[in-house]
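Residue numbers (my numbering), protein chains in the order written: chain A, 264 to 621; chain B, 287 to 403.
Just so you know, these hints were derived from the structure itself, not from any lab.
There's no promise every hint is true.
[Stated by the list, open to error] Simulated crosslink set (DSBU-like; lysine-lysine; CA at most 30 Å straight-line):
| hint | chain 1 | residue 1 | chain 2 | residue 2 |
| --- | --- | --- | --- | --- |
| 1 | A | Lys-322 | B | Lys-319 |
| 2 | A | Lys-322 | B | Lys-375 |
| 3 | B | Lys-358 | A | Lys-356 |
[As the list claims (entries may be wrong)] Facing chain B, according to a computed beta carbon distance under 7 Å, are these residues of chain A, among others:
| hint | residue |
| --- | --- |
| 4 | Gly-347 |
| 5 | Val-354 |
| 6 | Tyr-358 |
Model, not experiment: these values are computed from the prediction.
For glycine and all other residues, C-beta sits at the position ideal for the given N, C-alpha and C.
Each chain is listed here by its residues.
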Amino acid sequence: MDRILIVDDAELNRFMLRSMFDNEFEVLEAGDGEEAISIIERLETGLSLIILDYMMPKKNGLDVLEYMKRTHLEERIPVIMITGESSSETVEKAYEYGVADVILKPFSKQIVSRRAKNLIEQYRSREQIEAELASKTKELRESQARLASFNEYLLEALGSVVEFRSLESGDHVKRVKQFTAIMLKIAKEQFPKYQLTNEQIRLASMAAILHDVGKLAVSDSILNAPRRLTVEEFEEMKKHTSYGCEIIERFKELTTEFFQYAYEICRWHHEKVDGRGYPDGLKGDEIPIYCQAVSVADCFDALISKRVYKDAISCEEAYQMIRRGECGAFSEDIMRCFELAKEEMMAIVLQVQEGLIL
Amino acid sequence: MNIRECYEYIGGDYVDLMNRLPMEDLIVKFLKKYATGTEFSELEAAYASKDYETVFSVSHNLKGMTANLSLKAINLPITEICEAVRHGKPSVDLEPFMVEARSKQNLLLYAVSQLDE
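Let the sequences and hints guide you as you build the complete structure.
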């Protein structure tokens, strides 16, 4: 049985209202705002409706509404305010405080009873719709999460193809993704000027997986040459940045933002802050911070990994080489991020070596 | 005295009452509840001690109750009293309204005591 709370300091008014609902509802009474609040506090959504007087001793009707607003119960329990104050100011104030309806004295049985039932019904259907919506939203979120994880899996698979062609393990792209994320999170904290958001960091590190996708267009003889490349071969190898863009162009259906990150990372992850990188010779801030992060991540991982043409070196050694500029010039900002990210990046390498992740 | 006769006697609006609260058996109970209520004596006491804040809150309650029960003859002087003290000190002399309200209240108490069971 639905429960109604009648709040009025005049016993006769409570008695009259009770007699209208007694047959169909369980009726509770409170003689002032304070008593009403303690009942609402105890029963919360166990109440289907509150009929509230405006002027009362101790706490008045507005105090009760204020409490309900603070506890968000006004969204769940409909309140009808019954008042003898017919001024528009009073009525407006009541609505402002969150009442669902205002009934003026003298009241009519039919009106009070009809509005009460309508409101109970209306709030109940709203609650059902909200519950259904919440359940659908949850399903949708789960399905989005599954899709996102599937997308990530496909991206990693695509990124790994390059490495398999290069006779590598396939873990390089995953580490570049992780290192990029670590450095960009630090950049977000340390350098607000880049206005990085968590979503941007997530997309840019996902896009980092595709940084070398253009190598698919480079011939095996160059890609897997177990020696130093000739000048011509190196020129061809450098083209993997623009080949990558051509491949990415074919995926334009991807979200615009992700496409932009993927495109720019493919193209500019070999640019250097002094303009001596390739393919466009960008300088300084012309190179987006996420491309710089991928660039450092790529260099670092290449140094600590064994390749057909070289042995692996230690993390500390690789860190120092990059800091000394032996892999080209990087901006001070990204070097600061690298310095702060060093420990976390090394921990990942250590975990991989111990077979804990990837 | 039946309920219709009672309303005629005390200057109430029986037709309006039945339109709003069409439950004659309960109206008798409501009237008896009103008659045994302490509000009117509280009003008298507050008026006598010039406690206008209480005069306002009690007359405000009486105004609502008498309006709900269509007790027009009492409601009119009570409403005048309530509005006169809304902002504190009385804006008009309350005495004539108190005399009128008292007289109608006594009439009502008598009529209610004569109601058929």
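Here is how each hint holds up against the structure:
Our distance criterion of 30 Å between C-alpha atoms is met by Lys-322(A) and Lys-319(B), whose separation comes to about 25 Å. For a cut-off of 30 Å, the pair hint linking Lys-322(A) to Lys-375(B) stands: about 23 Å separates their Cα positions. Restraint check for Lys-358(B) and Lys-356(A): satisfied, since their Cα atoms lie roughly 28 Å apart, inside the 30 Å limit. Here the hint on Gly-347(A) is kept, as its CB sits about 4 Å from the closest CB of chain B, short of 7 Å.
Hint status for Val-354(A): violated, given a least beta-carbon distance of 15 Å to chain B, over 7 Å. Contact between Tyr-358(A) and chain B, as hinted, is not supported at the beta carbon level, the nearest pair being about 20 Å apart and thus beyond 7 Å.
In summary, the structure is inconsistent with hints 5, 6 from the numbered list given earlier, while agreeing with the others.
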